[in-house]
Amino acid sequence: MGNPYFNDENYQTFPYHKENFHQIRKTGSDRKICSIDGGNQEIYPAPEYSIQLNRIYFNIYKDKRPFPLKSSIPQRIEFLSLTTLNRENRNTCFETKYALEDHNFIEYLPSESDLQVKAFEPDFRLGNKTLMERMASMARRFAEWTIAEHVIERELEDGDIIIKDGSLQTSHRNENKYVEKVFEKAKKKGVIFTGLSKSCRLTTNTGYSLIASIEKFARENDIPFEEWCYFPIARSKQGQEHKAVIMVVKLNRNASTSFRFEILKDQADNMSKKEIVDLISSIADYSKDITIPGYPYGLFDAHVWARVRKEDLNNYKLILDSELAKTEFFEDFNARIKAVSMHDKLDEL
Amino acid sequence: MKGGQIVGGGLKDIYIREKSDSHMELGDLLVAEGLNQDYTIIQVKDIEYRSQIPQQTLELSAGMKLEGYGDNLEVMEPNLRNYLVARAKSLLYVQKNDKGEYLTKSPKRPPSFFNDVQSITDEHLGFLKPEDTKNSIYLGDIRSGSTVKKDVNVHIDMIKSLTHHIFIPATTGRGKSNLVRVMLWSILDSEGAGILVLDPHNEYFGDSVRKGLRDHPRMGEKLEYYSPDSGNQDALTLSINVKKIRPHHFNGIGGFSQAQNEAMRMFYNKYGPDWIMEIAKEKDNQVLRPMGIDEKTAKVLKRKIETKLGVSAIVDVASSDEKKCVFKSNLFVGGESGLSTISDIVESLEEGKIVIIDSSKLSDFEELFVGSIIASNIFNKYKTYNSEVLKNKPVISIVIEEAPRVLGRDALESGMGNNIYGTIAREGRKFKLGLIAITQLASVIPRAILANMNTKIILGNEMSMERSAIIDSASQDLSDDNRIIASLDKGEAIVSSVFTKFAIPIYTPEFEKFVDEYLENYDGGMEVEGETELIG
Chain A
1 MGNPYFNDEN YQTFPYHKEN FHQIRKTGSD RKICSIDGGN QEIYPAPEYS
51 IQLNRIYFNI YKDKRPFPLK SSIPQRIEFL SLTTLNRENR NTCFETKYAL
101 EDHNFIEYLP SESDLQVKAF EPDFRLGNKT LMERMASMAR RFAEWTIAEH
151 VIERELEDGD IIIKDGSLQT SHRNENKYVE KVFEKAKKKG VIFTGLSKSC
201 RLTTNTGYSL IASIEKFARE NDIPFEEWCY FPIARSKQGQ EHKAVIMVVK
251 LNRNASTSFR FEILKDQADN MSKKEIVDLI SSIADYSKDI TIPGYPYGLF
301 DAHVWARVRK EDLNNYKLIL DSELAKTEFF EDFNARIKAV SMHDKLDEL
Chain B
350 MKGGQIVGGG LKDIYIREKS DSHMELGDLL VAEGLNQDYT IIQVKDIEYR
400 SQIPQQTLEL SAGMKLEGYG DNLEVMEPNL RNYLVARAKS LLYVQKNDKG
450 EYLTKSPKRP PSFFNDVQSI TDEHLGFLKP EDTKNSIYLG DIRSGSTVKK
500 DVNVHIDMIK SLTHHIFIPA TTGRGKSNLV RVMLWSILDS EGAGILVLDP
550 HNEYFGDSVR KGLRDHPRMG EKLEYYSPDS GNQDALTLSI NVKKIRPHHF
600 NGIGGFSQAQ NEAMRMFYNK YGPDWIMEIA KEKDNQVLRP MGIDEKTAKV
650 LKRKIETKLG VSAIVDVASS DEKKCVFKSN LFVGGESGLS TISDIVESLE
700 EGKIVIIDSS KLSDFEELFV GSIIASNIFN KYKTYNSEVL KNKPVISIVI
750 EEAPRVLGRD ALESGMGNNI YGTIAREGRK FKLGLIAITQ LASVIPRAIL
800 ANMNTKIILG NEMSMERSAI IDSASQDLSD DNRIIASLDK GEAIVSSVFT
850 KFAIPIYTPE FEKFVDEYLE NYDGGMEVEG ETELIG
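Those protein sequences? They're chains A and B, same order as listed. Okay, so the first sequence: first residue is 1 according to my numbering, each after it adds one. Okay, so the second sequence: first residue is 350 according to my numbering, each after it adds one.
Isolated chain B, as found in the complex (with noise of 0.2 Å):
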């Protein structure tokens, strides 16, 4: 049990001496007991060396010690000369009624003076415990310090924290993608959600050497795994006709110029379907001048087609006169196959399904590209439903990694026009679209988008100025955070969230024994054992 007793400070910084045994760590949680069935919960944000022996002293008997003549020299009561001193942070008030219920305020005054302190036990968190757990996304169990509560299991409300989108920066090793395979996993338990995941590294669906979603009792009824690669013999084919794909699909995606921009909208207002093809098969100049389309543009644009989508055209030898579509890569398909991928993607999607895209083997413009078409057209979609109609579609979110690659500044104020992630991140909340956006750099997003994000699951980042960004667009003040972001270890997070009282620190199990665990609990449809805490 640890423990102190508050010696100075203020609301927001509260002096603790520490009980010599007690190990506090940045982060604990520790409770100030108040006289009314009432107490303060604090979090340690710092802990510094304090000595009644001046430093001067200590200095010059270090030395002594270091110098070989300090052996017959020591430091008398050392538990009660030298100790630590915490600095912590107020961070909620709560107050027990005779009824049990439970009364929470932000905190408006420090604890009393020479308070005592101690751990957060589970009953302190009691007021977090919720009436229903359905439909809610698992994030992992409350952490004090490095403490894991094993038997307090945190939660977020799905419909809430997906529409108002999750941010999750990390550094590389934290555990992010431990974090959303856990999530993942949860939201196959509920209903109401379709999720996109863009999964650059296929790490999510899992194979016969590692656990991953497909090992989710629900996994027929509400998974889908697409991968371009056809010897993947789990996954569906991942090919896209390119008589679907429209010119808005490359906003802001792959690097297309205005006039490029341009050009492509009067191909496509001029073939339909076929503009794509069309583009390859390179057009003279009789034919640009009336579409208005410069030469030059319309031959870069074929270059760019053929490189970004692999579409070229060669003299067909059955027809002189005429070109043939040839498709360099499996993904962008011409004939008749592929016609019907996005639309049945879009589809398991609406069914609340959640859809995994095989990115691994894509370049980053085609995983993001399909992302888009995807996207867009869900988008569409969902914008023409009514309000009524919309209640009761699930709510849709897409796993984007690195996100500064659609987020960042230089993607959304390039020039060359807003993606759909961008319009996602702005105006999907009306639409119930939302997105999980995963970054190393949040920095690089812009302060307005990171605003809009208002769950925010924080790991351990060594890096100070990501800290910094992720710190002031936090849902609560993490000022006095910063070193406990860096220090947060593997699995250990922080949420962040307009939905919580408080920023609340966790730790996310090991994806594998956690689905050890639970595949062992399961009774064919019931949920992870254990006192379960709703937030949000």
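Bound-form chain A, shown alone (with noise of 0.2 Å):
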């Protein structure tokens, strides 16, 4: 089964022990909990561009029932992103601009010029496809955050939970830089900021899964309890980019599995053991829905609004494509398309 390994040595790690397990209790809580998602999905398809369907939702519940927002900060906002592949002499750079429906919607987006990247030679490894979709998602990514900003600033306090879906390490380039904002802010007005993950890749150090080590540890060592944390088993080192405390957790006792929680380096390390499982206790209250329990209802609601389905792409297509009919450009815009669409029109035959 081996221990927790993290194949990078920013990572102080900690071998599994009985006493890291800690009951999940029933709280009083009155927090407010926030959670967010965010969903891209490609439009039209290009070697050398992407139009993208982007969404971001957040909620806020506090004593289960949805908490109305005191500010005009929209719950749902949806953009269309445009990602050029662009290649002046030996440079590639990838460059995404926004279309947005709701001009409003701009002040809670990320700067065009923060989505303009250089692509490096370790960048190409990942392929032309992969390296555009991870350019395309940058815009979703970094609204996710800068999103989270504004509802800390206009709807939390001191106290309420922020739940992101999704770990709090960066994988962008400048992203860095809105995620430090963010947590500045969580940090200033006592905001607890987490991230809980639907899928985890960490694996232990003989190649085990993490979560599924937990759970057979739990089962080999007859841990009591039926809803539980386990931590410490990760922390970034000081500095880094991945600012978190990595725990895993079991939210409910009829959950399928447990899952990868982080809380924001510098808030966990402040608070008691006590305090820690009080904020989990917290998230597990609302882990109790019949659709899935052990996930935070929240997020799984915030994911239902946040999700670009195929049908919603549809939409999209029909109209961009009436208004790009009526320009000059269509036809080499159809071409370019056509280069990697014959997918689709396989899958509809």
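Note that these hints are calculated values from the structure, not bench results. These numbers were taken from a predicted model, which means no experiment stands behind them. Hints may contain errors.
Pairs of lysine-lysine, BS3-like flavour, derived with a Cα cap of 25 Å [claimed, not checked]:
(1) A/274 to A/26
(2) B/368 to A/64
(3) A/62 to B/368
(4) B/414 to A/26
(5) A/64 to B/414
Both chains are sitting in their own frames, so use the hints and assemble them into the complex.
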């Protein structure tokens, strides 16, 4: 089974120990819990550009009910983005521009200039398609941070919790700039910043799934708790881009799996074990929904509203087609799409 | 206030997501407002569960709860994710102009998609407000689901509805007697209708214990009550002299064969008013042969006259050669008594009175036969009136319970001839004669007769076949009302009439309470208080 393993010297890991299981208890917490998630899908694929439909959604619950927003911040932001690949001399650059139906949304989105990145040799190892997907998802990914910052600023108070879908780790150039800002804001207001990952690819030093190994460890050691959180597993070292304390949580006894959960390191370091357990217990209280026991309902709701489905794309395709058909670029545009769209055509047959 | 939002469907099936605290019901009347002082009235035809949670998850969750595993499971935002969707139908499109006049149309398109819907208000029903409610029949109050709008009374035009027949189908205990009592009470307030009520349960007149029509202030001038029970102090004695009976009174009633009917006519031709007594005295072949009557037929006829009318003959001790008739029942009598009963009743009906015949102590045959005698007399009389005279005569209607006895397929197609009730059902309208037919079994009445019953007051009925017969012959498309009809509670009804713009749900108040309220407000000739709506 082994012990937690990070292929990175910037993490401090902790071997498995029974004492690290902490029982989740009922809390009478009245904290607000905000969940935020985003989704994006490619409307038109082409080798040198990608048009994406992006959605970001957040919700706030208190006392198990949706909490009405105080500010005018839109709960769901939807926008189109165009990511293009430009090659000049030996430089390859990706650039993203927005197309907004509601121009007020610009206030909540990252700057377009931060979405301009140069591609380097290691990037190309990903392959053209994956690289384009990665670059085209930047707008959505950065927007999750910027919107989180606005929500913390206008909607949340000291002691409230924000759960972002996924890890607190950054993975793009320029992303750290936004993450720093939002973390600073959270710390300043006392809003606990957390992340919960739907999937976890971490392993132990024997190559065993981290999540599965902890569940196995719990079974083999007769851990008496039905709902628990396990920490510490790992913490990022000071000054690194992943500023989190990593733990695993089983939020409901009927949960089919446990999840990787992270708390902003600077905040977790200042919390007692009890405070951390209380925080997780508050989230567990929202993880009893019959649809997906063990997964915070707010995140589930955010996922439902933020996801971009194929049907959603079709509507946009129709509008874009009719608008583009009026322009002189249509023929050229069409030819480029055809280069990669045969897959969809075959699916229709 | 009930409310919801249109989320799909079409003109026939509009799907409405119900607001969580709305408690919509089957049959609820709702309104979808338009933008130009217009609105569509829609009615809930069915309600079903919907959930954003997959069915499998719901079932698993229920299983976990039931088996004791689910104490830490719940449904977050239950009002948002689990809800009811009502299937409704557009009934009427209404537009109000600047002068406050209403224009009503059959809906040709559904209300706007995502339109809000809300409970119907009295104002929405303003288009039904009549100019005059005089000479109308009160049926009850408008009902939306099980919510009764006490301020919106429903009346039907008395003359039109009575001449075009009223049909009241219902199973036992759904309030048909109550409905008829309320209707008759309001007819007592009106002018221009005579009603013959064959009352097999003696429930309409009332007594010292139970309220009835006798409690109506105009009872003295407008109500007559006959009973064969000579001990009934409130009633006039119902006795009919057999001399007033004619062979055609037996048409389709009593199970007489064609040969027997023929024989009766021959006896009448030969003996005139004494024909029944002569049959009872039994004739020999010498008398029968010239009349063309077989001896066996005459014997059967004699036996039938004896068993059905109670008329037999014994040897007259005063004259050993002669026989004299004896009359076993108080109903069919000889001598000089009962000679004017039928004409008195017919006269009262022609004066626009309600005549109740207590038939609770009569056999099935006797009840129908008495009705047949009276109805035939009226029919023949009205038939002879020229149109000018007929115009000034009141409409006459006959209340007949267990209508299939005379209007059922068996009764009409048995080869025993068409009875007078069937004749009135088919032709009565021309002569201002109608029926108020009450039954539990609509399905045994031929479609042609049902189609002639132009106002149907449909009460609750659990029998699917009966509901189908009613729905198939209704004046409006009630194909979606099957469940609604099955679920109608006591006193609840649907009025489907050629004179109404849509099938109107009503609630008929309990007669006793209705009378108490009426008498409380009675000021010597006024109407019941409240905003009144006349349909038809």
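Right, here's what the structure says about each hint:
1. A/274 to A/26: 13 Å, holds
2. B/368 to A/64: Answer holds: residue 368 of chain B to residue 64 of chain A is near 20 Å, not above 25 Å.
3. A/62 to B/368: 22 Å, holds
4. B/414 to A/26: 20 Å, holds
5. A/64 to B/414: Distance ~20 Å between residue 64 of chain A and residue 414 of chain B Cα, so the pair holds.
Hint check: no violations occur; every hint is consistent with the structure.
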